[in-house]
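Trainee: Those sequence lines, one after another, are chains A and B. Last residue of the first sequence: 624 in my numbering, with the numbers rising by one and none dropped. Last residue of the second sequence: 507 in my numbering, with the numbers rising by one and none dropped.
Calculated directly from the structure, the hints in this document are not laboratory data. Keep in mind the model is a prediction, meaning the values are calculated, not measured. Any given hint could be a false lead.
[As the list claims (entries may be wrong)] Per the computed footprint, the stretches of chain B lying under chain A, defined by three or more beta-carbons under 8 Å from a beta-carbon of chain A, are:
#1 286-293
#2 380-394
[As the list claims (entries may be wrong)] Quick list of the computed label-pair ranges, beta carbon to beta carbon:
#3 A/Leu490 to B/Ser129: 45 to 51 Å
#4 B/Pro421 to A/Thr70: 42 to 48 Å
#5 B/Cys433 to A/Ser175: 32 to 38 Å
#6 A/Gln407 to B/Lys352: 55 to 61 Å
#7 B/Pro190 to A/Asn110: 54 to 60 Å
#8 B/Gln181 to A/Gln222: 53 to 59 Å
Where a beta carbon is used, it is the ideal one built from N, C-alpha and C, also for glycine.
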Amino acid sequence: MNFVLVEGGGVETPPILRKILRLRKIALILAGIAAWYYASVVLNPENMENTRISEHSLMPGLVTAKFDKTSMIAQIFSDLSENPKNIQKTICGYFHKWDLSCHSQKFRSNVPGIQISGENVYAWIRGSRNDGGEAQLIGVKIGGGRKKSEAELRNLIIAQVMAFAYYAKDQVYWSRDILFVFIDATSNSDDSTNFAFDAFLQEYHLTHSNYSTPTTVIHAEQLKEQCGLLIAGIVYEPVKWPRKSKKDTRIMSAAMNGINGQQANLDLFNSAAKIAHQKLSAGMALFGIYQDPHSYSTQAWPYLIPLRAIYGQGFVAVEGLHSVLGKYSVPALTIGLDHTMGPENGIFIESMCRMLNNALERLHQSYFMYILGDDMHFASIAYYLPILGIISAPLLISAYAEWREIQQIRLSPFIYIAHIIGALQFTGATYAYANFGAKIFDTNLAQLFILSSIIPFGLIYNFVVLARKSAENQAEIRFTRLFLQLLTCLMLGCLGLVNFGLALFGAIFAVPLVFVMTFESTSRARSYIRTIFLFFANPIFLLTFSAINLQQYLEYPQKVGENAIFDLNLAENLIYRAIREHLLFGSAHFALFCLFAQPVWNLLFLTAISTTNNEIDDEKMKKE
Amino acid sequence: MYRIFLLFTLCFAKEEYWENLKLDRVSENELKAEFRFGASRENLKNERDFEVFPRILDELIEEYDVKYLLVIMGQGRWKDDKWGRKTQPGAVHGAQVYADFEANSEEGADKKLRFLIEALNGILCTSLSQISLITSPQLEIFKRPKYSTSQQIFRRYGILSRETTCTENLTRLRKLLACRQSGISILLHPSKLYDVLYHASHLIVKKNEKISEMEVGITAVFKNKNPIQGSNWLLSSIFESKLSSSCGIATKSQIEANNQIYDVKNLETSFDIEITSKPISNEAKLVKGWTSQGGSDQQNGILHISLQNGDLDSKLEVSQILPYFVQPRYAKISFKNCQITRKALQTSKNEKSSALLQYEIIIKSGEKCEITIPFDKKILRLDDYPPDANHGMHIPAAVIFVSQKSDSYTIHTNPILVALPVPDFSMPFNVICFVATAFALIFGPLQLYSTMWLAPSPPRSTFWRKINRLILLILIVLCLYAHFMEINLNEVRRGIEQYLEKLNELR
Numbered sequence: 001m002n003f004v005l006v007e008g009g010g011v012e013t014p015p016i017l018r019k020i021l022r023l024r025k026i027a028l029i030l031a032g033i034a035a036w037y038y039a040s041v042v043l044n045p046e047n048m049e050n051t052r053i054s055e056h057s058l059m060p061g062l063v064t065a066k067f068d069k070t071s072m073i074a075q076i077f078s079d080l081s082e083n084p085k086n087i088q089k090t091i092c093g094y095f096h097k098w099d100l101s102c103h104s105q106k107f108r109s110n111v112p113g114i115q116i117s118g119e120n121v122y123a124w125i126r127g128s129r130n131d132g133g134e135a136q137l138i139g140v141k142i143g144g145g146r147k148k149s150e151a152e153l154r155n156l157i158i159a160q161v162m163a164f165a166y167y168a169k170d171q172v173y174w175s176r177d178i179l180f181v182f183i184d185a186t187s188n189s190d191d192s193t194n195f196a197f198d199a200f201l202q203e204y205h206l207t208h209s210n211y212s213t214p215t216t217v218i219h220a221e222q223l224k225e226q227c228g229l230l231i232a233g234i235v236y237e238p239v240k241w242p243r244k245s246k247k248d249t250r251i252m253s254a255a256m257n258g259i260n261g262q263q264a265n266l267d268l269f270n271s272a273a274k275i276a277h278q279k280l281s282a283g284m285a286l287f288g289i290y291q292d293p294h295s296y297s298t299q300a301w302p303y304l305i306p307l308r309a310i311y312g313q314g315f316v317a318v319e320g321l322h323s324v325l326g327k328y329s330v331p332a333l334t335i336g337l338d339h340t341m342g343p344e345n346g347i348f349i350e351s352m353c354r355m356l357n358n359a360l361e362r363l364h365q366s367y368f369m370y371i372l373g374d375d376m377h378f379a380s381i382a383y384y385l386p387i388l389g390i391i392s393a394p395l396l397i398s399a400y401a402e403w404r405e406i407q408q409i410r411l412s413p414f415i416y417i418a419h420i421i422g423a424l425q426f427t428g429a430t431y432a433y434a435n436f437g438a439k440i441f442d443t444n445l446a447q448l449f450i451l452s453s454i455i456p457f458g459l460i461y462n463f464v465v466l467a468r469k470s471a472e473n474q475a476e477i478r479f480t481r482l483f484l485q486l487l488t489c490l491m492l493g494c495l496g497l498v499n500f501g502l503a504l505f506g507a508i509f510a511v512p513l514v515f516v517m518t519f520e521s522t523s524r525a526r527s528y529i530r531t532i533f534l535f536f537a538n539p540i541f542l543l544t545f546s547a548i549n550l551q552q553y554l555e556y557p558q559k560v561g562e563n564a565i566f567d568l569n570l571a572e573n574l575i576y577r578a579i580r581e582h583l584l585f586g587s588a589h590f591a592l593f594c595l596f597a598q599p600v601w602n603l604l605f606l607t608a609i610s611t612t613n614n615e616i617d618d619e620k621m622k623k624e
Numbered sequence: 001m002y003r004i005f006l007l008f009t010l011c012f013a014k015e016e017y018w019e020n021l022k023l024d025r026v027s028e029n030e031l032k033a034e035f036r037f038g039a040s041r042e043n044l045k046n047e048r049d050f051e052v053f054p055r056i057l058d059e060l061i062e063e064y065d066v067k068y069l070l071v072i073m074g075q076g077r078w079k080d081d082k083w084g085r086k087t088q089p090g091a092v093h094g095a096q097v098y099a100d101f102e103a104n105s106e107e108g109a110d111k112k113l114r115f116l117i118e119a120l121n122g123i124l125c126t127s128l129s130q131i132s133l134i135t136s137p138q139l140e141i142f143k144r145p146k147y148s149t150s151q152q153i154f155r156r157y158g159i160l161s162r163e164t165t166c167t168e169n170l171t172r173l174r175k176l177l178a179c180r181q182s183g184i185s186i187l188l189h190p191s192k193l194y195d196v197l198y199h200a201s202h203l204i205v206k207k208n209e210k211i212s213e214m215e216v217g218i219t220a221v222f223k224n225k226n227p228i229q230g231s232n233w234l235l236s237s238i239f240e241s242k243l244s245s246s247c248g249i250a251t252k253s254q255i256e257a258n259n260q261i262y263d264v265k266n267l268e269t270s271f272d273i274e275i276t277s278k279p280i281s282n283e284a285k286l287v288k289g290w291t292s293q294g295g296s297d298q299q300n301g302i303l304h305i306s307l308q309n310g311d312l313d314s315k316l317e318v319s320q321i322l323p324y325f326v327q328p329r330y331a332k333i334s335f336k337n338c339q340i341t342r343k344a345l346q347t348s349k350n351e352k353s354s355a356l357l358q359y360e361i362i363i364k365s366g367e368k369c370e371i372t373i374p375f376d377k378k379i380l381r382l383d384d385y386p387p388d389a390n391h392g393m394h395i396p397a398a399v400i401f402v403s404q405k406s407d408s409y410t411i412h413t414n415p416i417l418v419a420l421p422v423p424d425f426s427m428p429f430n431v432i433c434f435v436a437t438a439f440a441l442i443f444g445p446l447q448l449y450s451t452m453w454l455a456p457s458p459p460r461s462t463f464w465r466k467i468n469r470l471i472l473l474i475l476i477v478l479c480l481y482a483h484f485m486e487i488n489l490n491e492v493r494r495g496i497e498q499y500l501e502k503l504n505e506l507r
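Please take these sequences and the hints and turn them into a complete structure.
Mentor: Set out below in structure tokens:
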């Protein structure tokens, strides 16, 4: 291509770019409509890919299962029901009787804010063809249950898993050890159960203070026996009967979301779904819903499962016990078994074990990024990631417009200050919670955090430092606009690759907010109005508002929060949960909130309240 | 005639051959079978005729100046608690090679060793080429002969955890035996010997000034598949063949079972026995060792060796090989309840050689010693990954030579599988690459046009541009047509080929 020197040494913008820049004011609306339309096509299960077992080595899951120890289920169930206070001993008693090793492990919390203790049980079937290098894990909850029927259901699942152990011990084809972990769930709280499982896993992976990272959260007994790398883990629990399902349909359930947007390997889920379909004629309920893939019209809204999948990935760090395994890079699923299918459940467990027994390689990175439409369909990252790109496009266009106009790069000191404030909030809150608990000098920690979060430091900085309308200050504000637009795009893009759900929901709020607050305003009144709006668009407020309303929109049965707009108790609970999940499982929600959302909110005050005389001139651009 | 025969035999080197089978019930439903076949030969100069000693092994000894060679292959897990002490020399999962041989220098020894390994691959049908042999382990690993100090002996030892043992290895081991179709070797039935809980085989070659010796050993632990029908074992049913002919040239041919020794050297009729003895009691507690792996990330990990002593005070010589793909943090190696009397650390010489950590530990009866070795995982070059890179790579088992008051033996821990950082060439990686490339292609010109002081000048002649656009448009339309009509590319290709063939015919 030929190039000529432009008259006067200026820049000649290509016509297409001039058109794009002229559309800047309505880009947000256009992008919103485009993203909505694109998402409605991509997230419709009818347009998604079919699930399949792509690895041939996993096919043994589909061979004829020979589980035949159904009579043992009743015997074990009866013993467990008779000794509800000695479940650990009863379980180990059986394993010892079968000449299999079984041990218990006591644990407790070291953190004042988390008062948990208990006792896990673990047992082994050593694969005779194994060299000790690999194992697969089967997890089950023991004890607890809020109602008697719930406790009985748990005992039934324990009995079914143990009956499988009784069957499996006599098989010679195991090339990986099978590790059974019975997780203490006596306290009936999900946090405690997750904590109990983590206590076992941290000792299994030797990640406690005696060996590597100094963690003080969990104190647990050392394991008496060990094995090698865990190839995968399956946690079994009674199925949570989904709504909107026919009574005559056999339904199991699967949960696959993990910490920080992790998902179970798609091969693992596909194989479980295929085994359920082919051997048990059962469907898989996902996120509390069962949707018959052959009749969407008669069933629920087809977008409900994909939307719940995105929501769950974004906000539910620990969806089930399997999520804890994600912390240790072990692909895992929680499978809900229908207690009425005794022998069939044994067949299902056997098939899953035989599948994992034969896997040639670790279930690796290929299929960790997907959105499920139902148990038979999924959308791959290549199809759904552009939604985020389309939503973020207005910010990129704005950033380009700013870049064209910018005269000098002048980094605002408040960029550093805002991030330092966020870092202090993060370290202060986590340190205080870990060392003193939820109360500090009779003051609620969450309330202190909320108070520190709603102070508009950006506004104060603006009035104190940027009050004078000098050219330097104008340059600082202009560059802050560009910085915020690019920072938001970059963060959303990076987050989208790891946790698409969080990035998408974040983008829905962040993109319009950043777009509007960084748009040049020539009117002082407009600037003041948007600043007031910004004050109320505090991340804590948005988070609480979303928690109350998103769940209703996604048809979750439980009601969240008392008030439809803001609930202080809910906000406090959300903050405590985020800190707890960070401390226990390394969830990044709290860090993202403090180190990204809060600084951006504070920085937006600088641009929202500012007015400018030289708005990017559309007429000038037209002439050009 | 007799004098001629005597004269003839005196000219040959003296050779001997013996065979032994030991059967022990190790639990109610499990039986251990231990085969040992041995041959020895007097070392006479210029004598190249062989009767029972395998000629190929003699050539190996001569060519590589071997003093002691041990190759062990194992598969399965040995249950110390139930089965007692492991059959010696102890086999680890995979293959082990230990060699003492003479050479002029270190370089000469390394060169000799490379050829020796390849020769072993040929003799035993193994694939040991990838084994990384450690130079001169300083502590004991196996019971081995003593040598006179005048000889310059080089020692090499290595483990290949991924090596699997199969019927091919058994066939080659049988070929080393003097009696292949008679005697106890008839019972070496591959389909039975590999359908077991545990299988190990070994080859030992020794040479001193007077005599060369060879031993082939095979150990298998069988499981009774029908325990309800009775737990007694018939020799013929275990191996699916009856012992019907004896090995005439063997000096000793014995079967040990039911606390008796049955001589099967001069068999006239088919021989069968029922193993009725009670399972051997393993009340005496042995030294046990196991390895566990710590860490869950892709940067580093922990190797944790636990050693539990039995009833007697013991001296343990622990040897742990660390392959090239892990880098131990020597300064952070820690010990718990271990009284260390001697250390010998050998770091890896180059990028592909392994490191060897050896510790001599005194441990009192009933005590437990723990060794923690933190390590960093290396990011390998692309060529260094095996085809199944995501399977992980093995750190070999630790070998523990146990010395007690009147006894010494070797045990092993288990190998561990390390998940190394693997480059991801899968779908998300491609998506990121393609998207990033697309963005670069879009924003590159965007950035260029908006910041350069030069602006593009469109060519004045538009005729060729129009032609180009037309061609592109036709191509796009064709592609879309092919896509929506679901036209298979192969069909198109076949169509073109047929068309070209017709054209050729026309000529």
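Trainee: Look at the Cβ atoms of A/Leu490 and B/Ser129 and judge whether their distance stays inside 45 to 51 Å.
Mentor: holds, 49 Å
Trainee: The hint says 54 to 60 Å between B/Pro190 and A/Asn110; measuring C-beta to C-beta, is that right?
Mentor: holds, 56 Å
Trainee: Do the Cβ positions of A/Gln407 and B/Lys352 conform to the proposed distance bound of 55 to 61 Å?
Mentor: holds, 57 Å
Trainee: Holds or violated: 32 to 38 Å for the Cβ distance of B/Cys433 and A/Ser175?
Mentor: With a Cβ separation near 35 Å, B/Cys433 and A/Ser175 satisfy 32 to 38 Å, so the hint holds.
Trainee: With a Cβ-Cβ cutoff of 8 Å, does the stretch 286-293 of chain B contain at least three residues near chain A?
Mentor: It holds: at least three residues are needed, and the stretch 286-293 of chain B offers 4 whose Cβ sits within less than 8 Å of chain A.
Trainee: Determine whether the Cβ-Cβ distance between B/Pro421 and A/Thr70 falls within the hinted range of 42 to 48 Å.
Mentor: The hinted range 42 to 48 Å holds for B/Pro421 and A/Thr70, with Cβ atoms some 45 Å apart.
Trainee: Given the hint of 53 to 59 Å, check if B/Gln181 and A/Gln222 actually sit that far apart at their C-beta atoms.
Mentor: holds, 55 Å
Trainee: Establish whether the coverage given for the stretch 380-394 of chain B by chain A is satisfied; the threshold is a Cβ-Cβ distance below 8 Å, and no fewer than three residues must meet it.
Mentor: holds (count 6)
Going down the numbered hints, you'll see the structure goes against none, and every one checks out.
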